[in-house]
Amino acid sequence: TSNMRIADHADMTTAAPAISGDTAYEIARKRVGDEHLAAFGPPGPHAKNYWFAFMDDRLKRTDVLVNPANGRVIGVYPTGLTSGGGGVRAWLFPVHSGYIIGPIGGLIYSLIGVSVSLWVLTGFIMWRQQRRPRRARGTAAALTEVRS
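Quick note, the sequence shown lines up with residues 19 to 166 if you use our numbering.
Treat the hints as calculated values from the structure; they're not laboratory data.
Check before you lean on any hint, since a few could be wrong.
As the list claims (entries may be wrong) - Here are the simulated DSSO-like cross-link-like pairs (lysine-lysine), alpha carbons at most 30 Å apart as the crow flies:
no. : residue 1 : residue 2
1   : LYS78     : LYS48
2   : LYS48     : LYS66
3   : LYS78     : LYS66
Said to hold, decoys possible - Derived Cβ-Cβ restraints for the label pairs, each shown as a range:
no. : residue 1 : residue 2 : range
4   : ARG146    : GLU44     : 44 to 52 Å
5   : VAL113    : ARG90     : 33 to 41 Å
6   : ARG150    : ARG76     : 42 to 50 Å
7   : GLY93     : ILE130    : 35 to 43 Å
8   : VAL138    : ILE92     : 45 to 53 Å
Where a beta carbon is used, it is the ideal one built from N, C-alpha and C, also for glycine.
Assemble the whole structure, with the sequences as input and the hints as a guide.
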């Protein structure tokens, strides 16, 4: 909320961007090609530049920063890029999500995830059902001992 309050008063202290968000988007899109826009951040008190996050078909993200004053691309950053070079996340996410073998891999991984979740849930239910009669028998036996 503090950023929103600052943004309400930002028009008094900062100049409006020289290029529009649509123009910045077109500039960024030319740099990444045919990728899908996943997220967008306008310039303001929280950030100096337009920020665009694009995803390809394998969900690999590429960030593009565009200067709002002159429309120059400040940088194109692949997912997981670190100061030491290409990061582990750039190749780890497609392996983790199954998209390394394409969209069918994502579907297969999703089915495996649902089946493992159901396996754990049904195992817990069976364990609880087996535990209840034992507890009820123990309580009944204790009551008969107290009465006698």
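Range hint compliance [Cβ, ARG146 to GLU44, 44 to 52 Å]: violated (58 Å)
At the C-beta level, are GLY93 and ILE130 separated by a distance inside 35 to 43 Å? holds (37 Å)
33 to 41 Å as the expected CB spacing between ARG90 and VAL113, which holds or is violated: Taking Cβ atoms as reference, VAL113 and ARG90 lie about 35 Å apart, which means the hint holds.
Range hint 45 to 53 Å (beta carbons of VAL138 and ILE92) holds or violated: Given about 46 Å between the Cβ atoms, the range holds.
Would the pair LYS78 and LYS48 pass a check requiring their Cα atoms to be no farther apart than 30 Å? holds (17 Å)
Does the beta carbon distance between ARG150 and ARG76 stay inside 42 to 50 Å, or does it fall outside? Roughly 48 Å apart at Cβ, these two residues keep to the hinted range, so it holds.
Verify the proposed pairing of LYS78 with LYS66, using a straight-line Cα cut of 30 Å. Since the Cα atoms of LYS78 and LYS66 sit roughly 25 Å apart, the hinted pair holds (cutoff 30 Å).
Given the hint that LYS48 pairs with LYS66, test it: the Cα-Cα distance must not exceed 30 Å. Since the Cα atoms of LYS48 and LYS66 sit roughly 21 Å apart, the hinted pair holds (cutoff 30 Å).
Comparing the model with each numbered hint stated earlier shows that hint 4 is the single one that does not hold.
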